[in-house]
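Trainee: Sequence:
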Amino acid sequence: MLSISLCMIVRNAQCTIERCLDSVQHLVDEINIIDTGSTDRTKEIVQNFTSRIYDFSWCNHFAKARNFSFQQATKDYILWLDADDVMTKENQYKFSQLKQTLFPSIDAVTMDYYLTLDCDGEVECSERKFRLVKRANHFQWEGAVHENLKVSGQLFHSDIAVTHLPLTKDIHRNINIYEGLIKNGHSLSAIEKFHYANELKLHHRYLEAINQYNLFLDSNLGTTDNRIEACLHVGECYRRLHDDQQAQQAVLQSFLYDRPKPEACCRMGQFFMEQLKHKEAIYWYSQALQQAPADTMTIQKRAYSTWIPHLQLSLLYRELRLFENAYQHNLEAQKWKPNHQEIINNGKYLLSQLKI
Numbered sequence: 006m007l008s009i010s011l012c013m014i015v016r017n018a019q020c021t022i023e024r025c026l027d028s029v030q031h032l033v034d035e036i037n038i039i040d041t042g043s044t045d046r047t048k049e050i051v052q053n054f055t056s057r058i059y060d061f062s063w064c065n066h067f068a069k070a071r072n073f074s075f076q077q078a079t080k081d082y083i084l085w086l087d088a089d090d091v092m093t094k095e096n097q098y099k100f101s102q103l104k105q106t107l108f109p110s111i112d113a114v115t116m117d118y119y120l121t122l123d124c125d126g127e128v129e130c131s132e133r134k135f136r137l138v139k140r141a142n143h144f145q146w147e148g149a150v151h152e153n154l155k156v157s158g159q160l161f162h163s164d165i166a167v168t169h170l171p172l173t174k175d176i177h178r179n180i181n182i183y184e185g186l187i188k189n190g191h192s193l194s195a196i197e198k199f200h201y202a203n204e205l206k207l208h209h210r211y212l213e214a215i216n217q218y219n220l221f222l223d224s225n226l227g228t229t230d231n232r233i234e235a236c237l238h239v240g241e242c243y244r245r246l247h248d249d250q251q252a253q254q255a256v257l258q259s260f261l262y263d264r265p266k267p268e269a270c271c272r273m274g275q276f277f278m279e280q281l282k283h284k285e286a287i288y289w290y291s292q293a294l295q296q297a298p299a300d301t302m303t304i305q306k307r308a309y310s311t312w313i314p315h316l317q318l319s320l321l322y323r324e325l326r327l328f329e330n331a332y333q334h335n336l337e338a339q340k341w342k343p344n345h346q347e348i349i350n351n352g353k354y355l356l357s358q359l360k361i
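The sequence shown finishes on residue 361 if you use the numbering used here, and the numbering steps up by one all the way, no holes.
Where hints are given, some of them may not hold.
[Stated by the list, open to error] Here are the simulated BS3-like cross-link-like pairs (lysine-lysine), alpha carbons at most 30 Å apart as the crow flies:
#1 K104 x K94
#2 K284 x K353
#3 K134 x K104
#4 K94 x K134
[Unchecked claim] Derived DEER-like restraints, expressed as beta-carbon distance ranges:
#5 C20 x Q295: 36 to 46 Å
#6 N216 x L261: 41 to 51 Å
#7 E279 x S62: 24 to 34 Å
#8 G190 x E285: 43 to 53 Å
#9 Y354 x S192: 48 to 58 Å
#10 Y288 x Q105: 23 to 33 Å
Honestly, the hints are just simulated from the structure, not real lab data.
In this text, a Cβ means the ideal position worked out from N, Cα and C, and glycines have one as well.
Please take these sequences and the hints and turn them into a complete structure.
Mentor: Printed below as a string of structure tokens:
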């Protein structure tokens, strides 16, 4: 059976580190904790799990810290987590099975990363990550922020998931790192411009974000999914700036790179719905249901291919007084969001119209 080193970089994680380590300590053979400057009880808590605690002087560069953490590993494979990640009981079992059955020829294993959960505990947003890698391959991390693990060789895509459960988030950290790099004369790469644009958008600096997204798109670099996401983000920025015409053009631009994604279809549906063009809106929301999310490493927003188009179609058919169609779509939406108040209220109204 293969052996596994857990490698983590942490700082001031006293509120979450115990929960994380409790969920995986029995699955790994070694725990390496790299502390980047904690001033709370993080180290004290970690000492209950491992003596392999290392200090790393923080240099505003996540890849350097992660590469240092990987250098401390001594086992066959390396598992990496953040302090606010957890592995549920179901996924702990799947991981233990993987550990017993994984072929040693496998170089890297992907796992789902559940980024956000709704109030019912259902996954809203997820992506896949290279989560377990062979130590002997010396795979390296790249990027000061939104670091990326560069892997190659034989890959295995598992059904295991890690869940991200942050208690708080420092929304200024990443943008401060990027702007520190720029101030020090660092020329951002294409993918760094994309991520910097995301941070600008998060801080409501929409015109600056649009500029960075366009610089990224003009580079013709990055993945197809990155370019599509950039177009959709540009559209969202223009929406925030109350320029619906430019917003719609940005969404349409995403069609140049691949078939329409569910999110793009929903955006198009929204444009037509607001213009009271019900039939056109119905077309686009119906397309969202037909465009299943691609099995890629990029972020997946499940709502755009499930309950959102069903709810919007229900509301559109309701406006057209096609109550049976409206009711059926509302039922589908309710399967995904049983406690969503708008869906519940819409269902009651439709039942009254159908006199069921």
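Trainee: Next, verify each hint and record whether it holds.
Mentor: Taking the hints in turn, this is what the structure says about them:
1. K104 x K94: Given that 30 Å is the threshold and the Cα spacing comes to 15 Å, the pair holds.
2. K284 x K353: Roughly 24 Å between the alpha carbons, so the hint for K284 and K353 holds.
3. K134 x K104: 18 Å, holds
4. K94 x K134: 20 Å, holds
5. C20 x Q295: 36 to 46 Å: 43 Å, holds
6. N216 x L261: 41 to 51 Å: Between N216 and L261, where Cβ atoms are some 20 Å apart, the hint is violated.
7. E279 x S62: 24 to 34 Å: 52 Å, violated
8. G190 x E285: 43 to 53 Å: 49 Å, holds
9. Y354 x S192: 48 to 58 Å: The hint (48 to 58 Å, Cβ to Cβ) holds, given that Y354 and S192 are roughly 57 Å apart.
10. Y288 x Q105: 23 to 33 Å: This hint is violated: roughly 50 Å between Cβ atoms.
Of the hints listed earlier, those the structure fails to meet are numbers 6, 7, 10, in rising order.
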